[in-house]
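There are 4 protein chains.
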Amino acid sequence: MSLLRSHRTLVTHCPRNLLRPRYLNKMSSFRDYSSLETPASCYVDFCLVPVGTGNVSVANEVAEVQRVLKASGLKYTMHSAGTTVEGSWDEVMKVIGQAHAVVHQGGVKRVQTSMRVGTRTDKKQTAEDKVKRVEGILSQDQQKKEESS
Amino acid sequence: MSLLRSHRTLVTHCPRNLLRPRYLNKMSSFRDYSSLETPASCYVDFCLVPVGTGNVSVANEVAEVQRVLKASGLKYTMHSAGTTVEGSWDEVMKVIGQAHAVVHQGGVKRVQTSMRVGTRTDKKQTAEDKVKRVEGILSQDQQKKEESS
Amino acid sequence: MSLLRSHRTLVTHCPRNLLRPRYLNKMSSFRDYSSLETPASCYVDFCLVPVGTGNVSVANEVAEVQRVLKASGLKYTMHSAGTTVEGSWDEVMKVIGQAHAVVHQGGVKRVQTSMRVGTRTDKKQTAEDKVKRVEGILSQDQQKKEESS
Amino acid sequence: MSLLRSHRTLVTHCPRNLLRPRYLNKMSSFRDYSSLETPASCYVDFCLVPVGTGNVSVANEVAEVQRVLKASGLKYTMHSAGTTVEGSWDEVMKVIGQAHAVVHQGGVKRVQTSMRVGTRTDKKQTAEDKVKRVEGILSQDQQKKEESS
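Chains as they are written, first to last, in full-length UniProt numbering: chain A, 1 to 149; chain B, 1 to 149; chain C, 1 to 149; chain D, 1 to 149.
Only chain A is shown next, with the shape it has when bound in the complex:
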């Protein structure tokens, strides 16, 4: 009995982390998740659709959303199928929430948004970098074609 007890004591005192693979330590149900911080940077591409307006065009609402984005001071680019915003998670999500709010204030009762959200920890990559990277690869196609002809 004393042996058993001392064993239990050993286990209790031995740092849990040493007995489990590191990955499992990090991903476990024994954590306090509430203190987790949201990512310091992210990029979000979103497309906001006002629902039930009786108006097929969404251009007025999209314009209003661009004004909210402009006022936020965040970096953003509009394209034909959405708008890409960059900033901290909290800042970006706040401004998109404000975009919903402003469209509701304009009299729209329902707003539906589709978002793509990306975060990475290995490096900071801007929206611009991403496009350039792919264009760089594709420009080599042309060079190869010329070389091989």
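A couple of the hints might just be wrong.
Pairs involving identical chains hold if they fit within one copy or between any two copies, as the list cannot separate such chains.
[What the hints assert, rightly or not] Derived BS3-like pairs (lysine-lysine); straight-line CA-CA distance at most 25 Å:
1. LYS145 x LYS70
2. LYS145 x LYS75
3. LYS109 x LYS70
4. LYS132 x LYS75
5. LYS70 x LYS94
6. LYS94 x LYS75
No lab work stands behind these hints: they were computed from the structure.
Please build the complex by placing chains B, C and D on the supplied structure of chain A, with the hints as guidance.
Below, chains B, C and D alone, put in the same frame as chain A:
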């Protein structure tokens, strides 16, 4: 001619707001957007994908995300293509940001999430209500079939 | 009994459409859906993510997808968070399916794509038109500012 | 100098493929992409939104989409934020296109759909399997908690 001119003067001096539909007044570039509050309630369906892990399965990460959601106290439901969460805009966006954070802490360098976000001001509708509403309509099909046969 | 029968006969012979609101005739469970044709034009914005590659960068796969798009002859534009393609529903969906196939052939076992698909019957609007429309509205902001100052 | 030159000649004449990793050979601009086949199986989760209807509720349209899915014979499940369909790429995309068509026929001029599309080559995994996999991992949490208490 003098009439026309005085009319123009009148128009210029008349507060712009009185001459425009109310909708346009609300949607304008002369507002202070920074004080806009994010919606008090929303529902978000999201699908988080870890990128560059070397592991085709994403089940461990999805499980970890479920733990973060559970710890948040928000109402959520997992389905085969994502998880739906309900709560205030800020709460829901915070917990999804924490989900990104926890997956990064597990060693994943890049995380990509697709979200559908809905807000409405006309009524509070839960995820459950939405499904029941459609099922109600569809159950009438069966009745009509029976009636017509 | 003869009355009942004649009534039934009447109903049967009377074109169903005259007895129901037009909207319900179109949206009903008594239709043959299999003969429905997919839309003649659509625009799709998509973002393809290779899963389980062990490589955080997705630029090679995105470049390969651009080559598939180029070969299709469809109109497309890449931006930092996806690529927008325009064409008939069947053409556009086929080329995105081929994009999945080509990435799989490159050795990627799992591919996840997020899409936004839009169709409209009131007019043909290109990706370019949509952006111009919003930019037009926003450019008036500047004019109003100048007028009011 | 002559050595260098001969080396360069060698490289040029040597079949390009032998000098590059196999992965890069497959991903190249020298292919015929038009013959690529779309994936034999996929799962798609989609959320269709009618735009400009003047009606905040989308339940009628969602019900109509469910009827189209039912008629297709494909496996599908509706949840509160969309519907998941399984089948070959061409079948699934066709039925979602028909869903757009049927909603347009009901008088809706603009339809916007958000989709998540997944394909994998390593194994066939149903929507049901995916949920079970995660639930299996989470059920171990409870066991661990009981063991550790």
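Here is what the structure says about each hint:
Taking the shortest alpha-carbon separations for LYS145 and LYS70, only the inter-copy value of 15 Å comes in at or below 25 Å, while the best intra-copy value is 43 Å. In this assembly of identical chains, LYS145 and LYS75 lie within 25 Å of each other by CA distance solely across copies; the values are 22 Å between and 37 Å within a copy. For a Cα distance limit of 25 Å, the shortest separation of LYS109 from LYS70 inside one copy, 24 Å, qualifies, whereas the shortest one across copies, 30 Å, does not. Proximity of LYS132 and LYS75 under a CA criterion of 25 Å is satisfied in both settings, with 17 Å inside one chain copy and 20 Å between copies.
Within a single copy, LYS70 and LYS94 get their C-alpha atoms as close as 13 Å, and across copies as close as 23 Å, so both meet the 25 Å cut-off. For the identical chains of this complex, LYS94 and LYS75 are neighbours both inside a copy (14 Å) and across copies (21 Å), given an alpha-carbon limit of 25 Å.
Comparing the model with each earlier hint shows no violations; every hint is respected.
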